[in-house]
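In case you want the letters, here they are:
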Amino acid sequence: MTMTEKSELSPASSTRRTRGAARLSSMNLHDFGLLGALLLLVCVYAIIAPNFLTEFNLLNVLRQVSIVAIAAVGMTTVILIAGIDLSVGSTVAFSGTLAALFLTERTEIGVIAVLIAVTIAVLAGAGVGLLNGLIIGLLGVPAFIATLATLTGVRGFALLLTEAKPVSVPVGDYSWLGTGHIGPLPVPVLIMALVFFIGYVLLSRMKIGRRIYAVGGNESAARLSGVRVTRLILFVYIFAGACTGLAGCLASARLSSGQPAGFIGFELDVIAAVVVGGTSLMGGRGRLSGTFFGALLIGVLGNGLTLMDVQTYWKQILTGIVIVVAIVVDGIIRRRGSQAS
Amino acid sequence: MTMTEKSELSPASSTRRTRGAARLSSMNLHDFGLLGALLLLVCVYAIIAPNFLTEFNLLNVLRQVSIVAIAAVGMTTVILIAGIDLSVGSTVAFSGTLAALFLTERTEIGVIAVLIAVTIAVLAGAGVGLLNGLIIGLLGVPAFIATLATLTGVRGFALLLTEAKPVSVPVGDYSWLGTGHIGPLPVPVLIMALVFFIGYVLLSRMKIGRRIYAVGGNESAARLSGVRVTRLILFVYIFAGACTGLAGCLASARLSSGQPAGFIGFELDVIAAVVVGGTSLMGGRGRLSGTFFGALLIGVLGNGLTLMDVQTYWKQILTGIVIVVAIVVDGIIRRRGSQAS
Amino acid sequence: MSLDALLEGDIAGPMASPGTVILRGEGLSKAFGGNQAVDQVSFDLRAGEVHAFVGENGAGKSTLAKLIAGVLNSDEGTLEVDGSPVHFPGPHDAQAAGIAMVHQELSVVSSLSVAENVLFGVEPSRWGWMHRQKMSATARKYLDVVGLHVPPNLSTARLSTAQRQLLEIAHVLALNARIIILDEPTSSLATSDAHHLRELIGALREAGRTVVLVSHDFDEVLDVADRVTCLRDGQWVCTEPAETLDHDKLIRLVTGRDVLVAPREARVHTGEAPVLEVRELTGPGLVHADLVLHPGEILGIGGLVGSGRTELMRILAGDVRPTAGSMMLFGESFAPSAPSAALKRGVSLVPESRKEQGLILHATVLQNIELAALDSLGSGPFFRAGAARMLAAEYVEKLRIKVSSVHAPVNSLSGGNQQKVVLAKVLATQPRVLLLDEPTKGIDVGAKAEILTLMRGLAAQGISVVMVSSVLQELLDSCDRIVVMRGGRTVGDLENVDISEEDLARLAFAG
Amino acid sequence: DDSGGSASAEDVDARIAEINKSLEDNLYVKAAAESGEGENTCPKTLPEGETAEIVFSIEGLSHPFLVGQVDKAKAKAEEQGATLTVISGDDDVNKQLNGVETALGSNPDALMMMPANTEGLGPILQQYEDAQIPYFFTQKGLLESNATNQVLAPYGEEGKILGEYVVEHYADSEEPVKVALISGITGDVSSVARTGSFERELLESGNFEIVAEEPGEYRREESQTAMDSILAAHPDVELVFGANDEGALGALQAIKAAGKGGEIDVVGIDGQSDIFPAIESGDVLATVKHMQTAPYVVENIMKCLSGEAVPAFQVFPGDLVDAAAIEEGAEPAF
Ligand SMILES: Nc1ncnc2c1ncn2[C@@H]1O[C@H](COP(=O)(O)OP(=O)(O)OP(=O)(O)O)[C@@H](O)[C@H]1O
Ligand SMILES: Nc1ncnc2c1ncn2[C@@H]1O[C@H](COP(=O)(O)OP(=O)(O)OP(=O)(O)O)[C@@H](O)[C@H]1O
Ligand SMILES: [Mg+2]
Ligand SMILES: [Mg+2]
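Residue numbers (my numbering), protein chains in the order written: chain A, 3 to 343; chain B, 3 to 343; chain C, -2 to 508; chain D, 768 to 1101.
Just so you know, these hints were derived from the structure itself, not from any lab.
A hint or two may mislead.
Unchecked claim - Restraint-style ranges between C-beta atoms, simulated for each label pair:
id	chain 1	residue 1	chain 2	residue 2	range
1	C	R129	A	P52	44 to 50 Å
2	D	A1091	B	I50	42 to 48 Å
3	B	G142	C	P86	50 to 56 Å
4	C	G377	A	V331	50 to 56 Å
5	A	L37	C	G383	54 to 60 Å
6	B	I50	D	H936	33 to 39 Å
7	A	L37	C	P86	45 to 51 Å
8	A	V331	D	E806	53 to 59 Å
9	A	E110	D	K811	32 to 38 Å
C-beta atoms are modelled at their ideal positions from N, C-alpha and C, and glycine is treated no differently.
Turn these sequences into a full structure, and let the hints steer you where they fit.
Here it is as structure tokens:
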């Protein structure tokens, strides 16, 4: 076996250490790029935006970000398999409205009722996800157009349910989900942490995570390696739908009402968070930590601009610019990172 | 050399004719599938929707479809290179508003002024396209996120321009563009025909058309075959922007006003038309004729539902269902078509 | 870690004693549209044998293999495993029955790490939870066995084609199947790795596994196979014990004729003014390369996996920019900013990976062939479809591409014919310098001879050819001069007179 | 629906009952009834010499009326020596709530809100109450809340005023007049109030037949498309009601495109500047001015912060504007 020994000395193996280092640093560099942008923004705001660096405001931002971020966990898995879910806004409205409808007739809302309402919302979201998954995985309709159709259909259904009227929830344990605290931490932030943890386990600690990355990276290869792709697509859309349903539930808890006409365009915020977080729309590449920082970056950006009393039109223009800059800078940092080593 | 002679008779060559036929029929079958769905819809409506099959109504549908269809020509080229343009709604609002701003101060609007206004709108659209192209082609930002950023930014800019006020255009030659007729045919329909003709020449009769399909099919193969990909991306987004600008101009002519806050979500209609028309979101596959029928299908669908006085929520639900069904049926017909031969 | 130890683990499915038939196909047929790819084929596989499938490009070898592996479902015929009929709706089901396949079109997932690819589907885990610490160690065992020495946590995107090929073999070993199908596993391996693979296959046989080997390399087939099944135009021709065959017999079985490669005329070009001169070229993957190319010369480039040959070709083709060094083309400086610029100067490349860089798979043969030559098809910005059709028809004829019509999508062609389409596309640009990176990868003996003849013809017309190949014998057979690369450097430049494979190998490993 | 015969009397009665029911608990209709009743004071008064800091949370800024609200509120604030911070909700309930939450962190002296919709504001308003920051509503509001003062939109009144005008305008008509309605945002309370009040007025007079109702989303392009279809289905329609002027102008555009300019009457509500030329040229019959309420609220805030009591509800219906009114010098509302 001289051959094997000799080829130990081939260039590929001599670069083992540097390569390994490169991979490590490029992984960190990505988060570093985003985190850098985030820290920069925080510093700038700390100086120029009044009341930015208060505990109240920072917890506020976290709480506001949490709903987007929870939906973004599901969206990350969808984008990792090179899919997309445009129906998120409609699903948030739909699931929140359903939960509110369940609660609205009650005079007393106890823990049990709240749990049932949460379950209803999550199941409603998972149901929409199942529908998406069936249209995409079984019927073979491209995800963009399939979820565009459910965007329209689910919205129509949500509006139909209540004739477009918002549904009030009597104040009680339910709104605690959206506005309460445990210790210093807002409840939605804690729920967000839980969802991220579940997402992390799923993507990084379980076998199904490898399959998600594989299907996104090279679907036919994954199929040839024995992945049952249709099942996986179904699973991912159902999971994403459940996350979205939970987000819808928290949104309705926060607003103490189901808003069948609300959250139009919400999916774009969610997708922006995921993509700014470094997940590739071509599938197969990305991580949840990036999604979190992406959501936070966009949330902090908007919060500071509001505090600084920037006119809303300018806010829109600046948001567009910052998103592009963030992605470009992040790309440069990553390319540098992998060249330097 | 008996073998070589034999191989002339091999299955592959004996199927030469059938393959050719298969290709022909599968190409036609696609349009046939769509056309079939369209005809079916028309037949159903002719029976159950009052006043559907009148000349007035049919011309009406065509006129309403024309603005979406014009933007869809540009969108088809973008999707063919595996891109996407989410900024279309904002660009329609922006370019129409600019054209209206130019005209609003005038008391008399002559042909020259109209031509200048059209040019302004088209250039404004092309400008946004250039911006998209630069962000995507030069900076390497994914098209989805780049145009999501311009969606936000351009909308902010349009609103800023007029403080969200619609800009009225004095009635005159300009509104003729949107509402006039030449012979029995509405002007926007004729302009649409012209844009489709230009698109057809570009995609099917010019070298650049071949390159567009190639870049969408396999970007690195196209690059190695001498396609200057960045330039092509720039060209395609500028062309699409110009189409969108023209659509914005017609929209403002039709409404006799620029609507900086209007056309939110318009891009989704445009994308739906292109994709229902059979163009693949993965790039490289699709045709303009499909786009036209796709736009028409969606337009006719909505028109008939309105005529039948279907409740707006149900309209949304039905639209979602019909889009999915159209794509699924079309896929089945195409698969049948290529198997049968 | 020896292979034997690795193979001790529980394998999927029961183990049969050597020699018993464990899989039988009866009257298998598969058609694509009107094209009968596999036509009434019957065969059997025995425990502990190496069974080779041979045949021309498009003969149906891969299709047959895919029928066994559950990737395709047959139109007619039955499959039996251990005497009972089976039906595999998907690859997953075949894997469950102990059948795994390495595909001709490489299918690693480049967004996963090397270890994740190796252990894909068999991650050390409990109840769906991965045992991450174990992964690297387990993966490294398989990597060592196939001779791929890269860190298990490296991103697969950084591997070269050959390294990916080895990775896939490691993966299929990790699946621990009892029937292992290898579809042209050595087509992009360097000679040394290919030899190593032969040893590996032998070890698998010793361990009682069944290996199906699809290959165009008859030396390899004769070296490792116990039995050989030959297919022609989708039909079974014969199944013979390997001992009864030799190289010439195999060629006749496969092609139905004698393939004669005219002996190479030794030609020396060094006196003439060079066409291309490369000095001290440095770039990604390239440390220092010198190269001189003369008119009408066929220059071979040899070397090991990852020695920088592909990177050199990409720089010459304008696909990658060098960081230092100079290039001269026909006496003028040459610094192409993009492939389009190189094409304008008459430099064309047949890239290493036809799937990723060579072809638009879903597009037609016509659309692929016309692409690079567009500038010459029609005047100004307008395109003449008629001219393009004629051009494509001409090259389909010239290269004998087996295709029903130029309107057939490229992904319906067999691997070898796809390779010819790439060649046609490049030749249609009428290059003055032709760069070929592994041009004979996956091509059958007959076609190889045709391409060789074609190259000679081009060279005779004064076109200069640079050819990278991992098969040293192929370089010796066809090139006037051979440059050897090692570690991103050119380390040897030999006139192809009286040199042997050993000379080249010695240079490639360590001067 | 067959537009041939006129609807039976029972149908009309049933429809009127339906409208009455839908308007029964309509905030705007109720608020108008309670206008001027009750009085509130602020929890704290502003120390002498300090500038009042007012946060104005508005549902969005994508409509000229909204921009007008902000402009007029700013002008009033400046006049009164207060600073006004504007936070737009970008037409989204959730984002508006974000803004209101964020503003709480800067501890303003008063909050003025024009909400996208009023459901679910309870918890955040409670936080403002806890922080002793008084809150006010402009245009849209909440019946059961501790808002100090609400100057609400007269949506119902406007529909009624316009309806009365139309009834009188067609008093001489022999046949029932065929009317098409282009409502605003589907299900939106404002649209329900305007369209319902208008329709009720017409139905009660007995001289009108409603042949079609389509949502126009308060937007010109959607209204035009809706009108295109109405014209196709009911070519004999005589009068079109737009739930706002944008809707009326969209309908007008469709009528002209169909070559029926001058044959069909159009009415709208809002009194926006675009509609004035159309009224002058006779294309549009009339509109009702929809006045910005924010400056009244700013005034009330300042009064309240200086210790005065302010009324709980106020509703100020605008004037009807027709060609005659314009001749007499009526100005657009925005
Ligand atoms: N997916 C497909 N669609 C249509 N035709 C196909 C498809 N796959 C293979 N074919 C056709 O089936 C025949 C057999 O192809 P196959 O890939 O099995 O050949 P092969 O013997 O493996 O050739 P090679 O040595 O070139 O790999 C060819 O004529 C090919 O064009
Ligand atoms: N995109 C890349 N990024 C980093 N390293 C790369 C990249 N592409 C290739 N390399 C490395 O550069 C070296 C030279 O690779 P190259 O593909 O040129 O080798 P080669 O001699 O053509 O070998 P092969 O037989 O594998 O094609 C290898 O070590 C390879 O891993
Ligand atoms: Mg093959
Ligand atoms: Mg190589």
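So, going through the hints one by one against the coordinates:
1. C:R129 / A:P52: 44 to 50 Å: holds, 47 Å
2. D:A1091 / B:I50: 42 to 48 Å: holds, 46 Å
3. B:G142 / C:P86: 50 to 56 Å: violated, 41 Å
4. C:G377 / A:V331: 50 to 56 Å: About 42 Å separates the Cβ atoms of G377 (chain C) and V331 (chain A), which means 50 to 56 Å is violated.
5. A:L37 / C:G383: 54 to 60 Å: holds, 59 Å
6. B:I50 / D:H936: 33 to 39 Å: holds, 36 Å
7. A:L37 / C:P86: 45 to 51 Å: With a Cβ separation near 46 Å, L37 (chain A) and P86 (chain C) satisfy 45 to 51 Å, so the hint holds.
8. A:V331 / D:E806: 53 to 59 Å: Distance hint for V331 (chain A), E806 (chain D) holds at roughly 57 Å.
9. A:E110 / D:K811: 32 to 38 Å: The hint (32 to 38 Å, Cβ to Cβ) holds, given that E110 (chain A) and K811 (chain D) are roughly 35 Å apart.
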